[in-house]
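Take the given structure of chain F and dock chain Z to it, following the hints.
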Amino acid sequence: DQQVKQNSPSLSVQEGRISILNCDYTNSMFDYFLWYKKYPAEGPTFLISISSIKDKNEDGRFTVFLNKSAKHLSLHIVPSQPGDSAVYFCAASGAGGSEKLVFGKGTKLTVNP
Amino acid sequence: GAGVSQTPSNKVTEKGKYVELRCDPISGHTALYWYRQSLGQGPEFLIYFQGTGAADDSGLPNDRFFAVRPEGSVSTLKIQRTERGDSAVYLCASSRTLQETQYFGPGTRLLVL
Numbered sequence: 001d002q003q004v005k006q007n008s009p010s011l012s013v014q015e016g017r018i019s020i021l022n023c024d025y026t027n028s029m030f031d032y033f034l035w036y037k038k039y040p041a042e043g044p045t046f047l048i049s050i051s052s053i054k055d056k057n058e059d060g061r062f063t064v065f066l067n068k069s070a071k072h073l074s075l076h077i078v079p080s081q082p083g084d085s086a087v088y089f090c091a092a093s094g095a096g097g098s099e100k101l102v103f104g105k106g107t108k109l110t111v112n113p
Numbered sequence: 001g002a003g004v005s006q007t008p009s010n011k012v013t014e015k016g017k018y019v020e021l022r023c024d025p026i027s028g029h030t031a032l033y034w035y036r037q038s039l040g041q042g043p044e045f046l047i048y049f050q051g052t053g054a055a056d057d058s059g060l061p062n063d064r065f066f067a068v069r070p071e072g073s074v075s076t077l078k079i080q081r082t083e084r085g086d087s088a089v090y091l092c093a094s095s096r097t098l099q100e101t102q103y104f105g106p107g108t109r110l111l112v113l
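Same order as they appear, the protein sequences are chains F and Z. Residue 67 in this note's numbering is what sits at position 67 of the first sequence, and the numbering runs on without skipping anything. Residue 2 in this note's numbering is what sits at position 2 of the second sequence, and the numbering runs on without skipping anything.
Treat the hints as calculated values from the structure; they're not laboratory data. Where is the CB? At the ideal position from N, CA and C, for every residue including glycine. Don't take every hint at face value.
Said to hold, decoys possible - Partial pick of chain F residues on the chain Z-facing surface, computed with a CB cut under 7 Å:
| hint | residue |
| --- | --- |
| 1 | Glu42 |
| 2 | Phe89 |
| 3 | Ser98 |
Stated by the list, open to error - In silico lysine-lysine, DSSO-like type, Cα no more than 30 Å apart, as pairs:
| hint | chain 1 | residue 1 | chain 2 | residue 2 |
| --- | --- | --- | --- | --- |
| 4 | F | Lys105 | Z | Lys78 |
| 5 | Z | Lys17 | F | Lys108 |
| 6 | Z | Lys17 | Z | Lys78 |
Pulled out of the complex, with its shape left as it was, chain F reads as follows (with noise of 0.2 Å):
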């Protein structure tokens, strides 16, 4: 049973354009949520995360943002560039109280120049 659901396995953009990532949760615990990018034959590298009392958290190029009564949040990306192609998984936490990552598939994000 997923707890974490990343329903687009791939995205395809172009340079300049917004990238928008999606994931829904299931598990209403979960009270901590994080964005992470990893490249071929690297481990995931950390990019953004998001606390459950807020709606939106903001790092230069990358936004994410929550709707709870959704169990949705999305990582917005602007703008895109080539460098960002890579696999993106989001990941939560904080369900009875264990700091374990439940983490989505991953979307495979292109940027094309």
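The following block gives chain Z in isolation, referenced to the frame of chain F:
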């Protein structure tokens, strides 16, 4: 070093053999986590340590898997009687304390023939 390091980077073994995977966390990080990533999936939690003790080992799939962190720094994940289904990338992460951001190593790619 500056980041989490894992050795070996690749390991090929035969079904039934014993393997050990090592993780060196970021210096000063008290929490250490192990995850496993199979092809096409997101990382799946195995176990995490706070100091020397396993705080949550609920993700270990069976008793063939065991992990230790005897001095609160380096950790070893041990797999007995390996099976082909154990083939995956084994990821280690560390965080300064529990509830802080987890930073991942590059992973160990295990192939069981």
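Right, here's what the structure says about each hint:
no.	hint	in the structure
1	Glu42	holds, 6 Å
2	Phe89	holds, 5 Å
3	Ser98	holds, 5 Å
4	Lys105/F to Lys78/Z	holds, 26 Å
5	Lys17/Z to Lys108/F	violated, 35 Å
6	Lys17/Z to Lys78/Z	holds, 11 Å
The structure fails hint 5 only (numbered hints given earlier).
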